[in-house]
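*Asks:* So you can see what is in the structure, the chains are spelled out below.
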Amino acid sequence: MSSQAHYREAHPLVFVITHWINLICMIMLAFSGFYIHYPFFDGFMGVARGMHFVAMFVILINLTFRVIAAFFVKTATDLGSREVDTDIKNWLPQEKNKHQFFETVKYYLFLRKEGVISAKYGSLQKISYLATVPLTYLMAYTGFALYGPTADWGFFMWGTELVGGPMNMRIIHYFMMWVFILFTMVHAYLANIYNFAPSKIIFLWKETEH
Amino acid sequence: MAQEAHGAIYDLLAVRGVSRRDFMKYCGYVAATLGLSEAAAPQIAAAVEKGAKLKPALWLNGGSCTGCTESMAQVDTPDVATIVLELLSLNYFETIMAAAGEQAEKNIADTIAAGNYLLIYEGAVMMGEDGNTLLVNGHKGKDILEEAAAGAQAILAVGACAVDGGWIYAHPNPAGGIGVQSFLDSVKVATPVVNLPCCPTSPEWVVAMVVQWLLVAGDDPAVFLEKTALLEKKYHDNYRDADVSLLYPEYIVGSTIHDNCPRRGHFENGEFVTEFGSEEEAKGYCLYKVGCKGPQTYTQCPVTRWNRSVSWCVNSGAPCIGCGGLNWVDNNAPFFKRLSSIQMGGSLGNVQPGSVGAVVGGVAAAALVAHGLGMKAAGRIGDGPPIEEMKAYDRKRMAKGGDK
Chain A
647 MSSQAHYREA HPLVFVITHW INLICMIMLA FSGFYIHYPF FDGFMGVARG
697 MHFVAMFVIL INLTFRVIAA FFVKTATDLG SREVDTDIKN WLPQEKNKHQ
747 FFETVKYYLF LRKEGVISAK YGSLQKISYL ATVPLTYLMA YTGFALYGPT
797 ADWGFFMWGT ELVGGPMNMR IIHYFMMWVF ILFTMVHAYL ANIYNFAPSK
847 IIFLWKETEH
Chain B
8 MAQEAHGAIY DLLAVRGVSR RDFMKYCGYV AATLGLSEAA APQIAAAVEK
58 GAKLKPALWL NGGSCTGCTE SMAQVDTPDV ATIVLELLSL NYFETIMAAA
108 GEQAEKNIAD TIAAGNYLLI YEGAVMMGED GNTLLVNGHK GKDILEEAAA
158 GAQAILAVGA CAVDGGWIYA HPNPAGGIGV QSFLDSVKVA TPVVNLPCCP
208 TSPEWVVAMV VQWLLVAGDD PAVFLEKTAL LEKKYHDNYR DADVSLLYPE
258 YIVGSTIHDN CPRRGHFENG EFVTEFGSEE EAKGYCLYKV GCKGPQTYTQ
308 CPVTRWNRSV SWCVNSGAPC IGCGGLNWVD NNAPFFKRLS SIQMGGSLGN
358 VQPGSVGAVV GGVAAAALVA HGLGMKAAGR IGDGPPIEEM KAYDRKRMAK
408 GGDK
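Residue numbers (my numbering), protein chains in the order written: chain A, 647 to 856; chain B, 8 to 411.
Certain hints may be false.
Heads up, incomplete: computed chain B residues facing chain A, CB under 7 Å, no partners named [as the list claims (entries may be wrong)]: (1) A157; (2) F279; (3) S347; (4) I394.
Keep in mind the hints are simulated off the structure, nothing from the lab.
Glycine is no exception: its CB is placed at the ideal position from the N, C-alpha and C atoms.
Build out the structure end to end from the sequences listed, making use of the hints.
*Replies:* Have a look at this one:
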C-alpha cells in the first residue's frame, strides 16, 4: 500500500490545486458555519455570513470543475505508477478492486493481516470519495433552502416542505456539516496513517520514492 | 354623545377627525392611528342599523384558549365594537355575544340556514376520542365546524391552532387537535380557508381580511381568491397522516421576522445578548443567541406589531418563539435555544443537535485514536503492511480448482 512510491502522475497539479481549494473552503465553511450556528465571539456575523456564501460558491464551482476535469485530465490509475489514463477510470469500477470491498473492511477491522490488492483508490475509499460529490450538492441545496433570497424558490420550498419546515432544514444542514467533518477526520487519518508521503504529494506536489 | 347616538357611522368618525374614505383606506392597510372607545358601541350600533349592510358571520371556538379573541379585543382601528357592529354581524361569538343558551345555539342554526355568511374559526379542530375531546351543547366541536363550514362562503382560520392545530397539535397530541384546512380535507368540504398564523393571531390581520372581503372582493369568494395575494404552503399532518395545502395572505407570511427586525443591525454587527438581564440586553442587542426563531419564522410581526402597534415580542426583549410557523411548538422548543431539540423518545428524551454533533465527533475522534493504536500494534505504521500476493477471492477459487 503505502510502501508504494508517490508520483506526480497520481495527482496532477490541477488536482493538487482543486484539493487545496476544497480544503480551504471546507475550513472556511465549517468555521463560519459554526459561528452562524452559535456566535461564540462578538463582531463577526456579517463577515461569517459573507465568508460562508463566498466559500460555498467557490467550492461548488470547484467541485463541478473537478467532476468535468475527470473526463479530460489524465492521471495514474495504479499506486506507484507513472502510467496514466483518463481520470474518470479511477472513479468507475476497476478490475483490481473486484471482490475486494469486504476484504478491505476486514483489513481495517484487523480481521486479516495482509494489505489488500487495490487500484489507486481502494473500493472503500472510492465509494466515500464519490459520496462527497452528491453530498456537497445536497449540502448546498439545504443551504439555499435556508438562504433568504432563494428560500422561497419553488425548487427549494419543495424540500423545506418535505422535511417539515425551515427549522428541520437547518438541523439537517447542521448535521450534514458533521458528516463532512467526520469524512475529513477519517480521510486525513487513513491517508496518513502509514506515513506522510500521501500528504507530500497532494499538498506540496513532492514525489517520494518508496 | 347625543350626536353619536343619532349620526351615521361616518359622522361618528368625522367627530374624531377621520373621514369615512380615510377610514376605509386605513382598514385596507390595517394602519393604526385611532382607537374608538367601546363605550360608543351602542350608539354606533344604533347608527349603523339604520343603513349599513351587515355581513353575517360566525365566530366559532374550537380547542382554543380564547387568546385570539383576547387579541381581537386589542385591535386598533376599527376597534372591536366597530367591526362587530359596522362591518360584521357576528351572530355567534362565545366570548362577547349577549345571547346565551338555546338562543345562542339557535343563532348558529339560523345563520347557517340563511347562508351567505363568513366563518371565523379560532382554535384547533378536536379529533381525539372520536371528536369527544370538545363538546359544545352536547355536539362535537368538529361536527359544528363541518356544518358551519359547508355553508360558509369562506373561512378565516385565525391563530396557529386553527391553521394546523397549533400547540394542541404538539407531540404527543392526545386530544387530536388539527387545523381547519386539514379537517375540511378529511370531510371533503371545499370552502376556501384563509389562514392567519401566530399564537395569538394579530387582530390587524383579521381586520385586514374582513376589509379585503367586504371592500375589495365585494362579498364574492371568487373575486376574493383572485384579488388577494395568497401564498400556498404545504405540510404533513401527522395526526391524519395526510398532506395539507394551506392558503395564507402573502403580505403576512411573505418574509421572515429576521428580514424586518429592528435588531437586525446588531445581528449583522455580531452584537448579541448572551444572557437575559445583561448589559447587552439593555443595549438592545440581537436575541439570536438566546433562541430567537426570527430567521425561520415567516410573519410580518415587526411591521404591524402588536397591542395597538405599540410593541411586539422582540421589541420588548423576548426572542421570537416562532409561533407563526407550522407545528410551531415541536419545531421551536426549547424556546431559548438556537435550534429545536430532537425528540429521541424513551429515556433519551429531547436532545439538542449540538450535543449530538459533539458526541458523534468525539466518539469518532476517540475511535480513530484507538484504531491508530491498533495499527501501530499490528506493525502497519511506516511502510504499511505487506500486500497480499493474490486476492482472497482468487485464492479461494484456486483452492477449489480454478476456472473450469
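*Asks:* Which of the numbered hints are not met once you compare them with the structure shown?
*Replies:* Violated: hint 1 alone.
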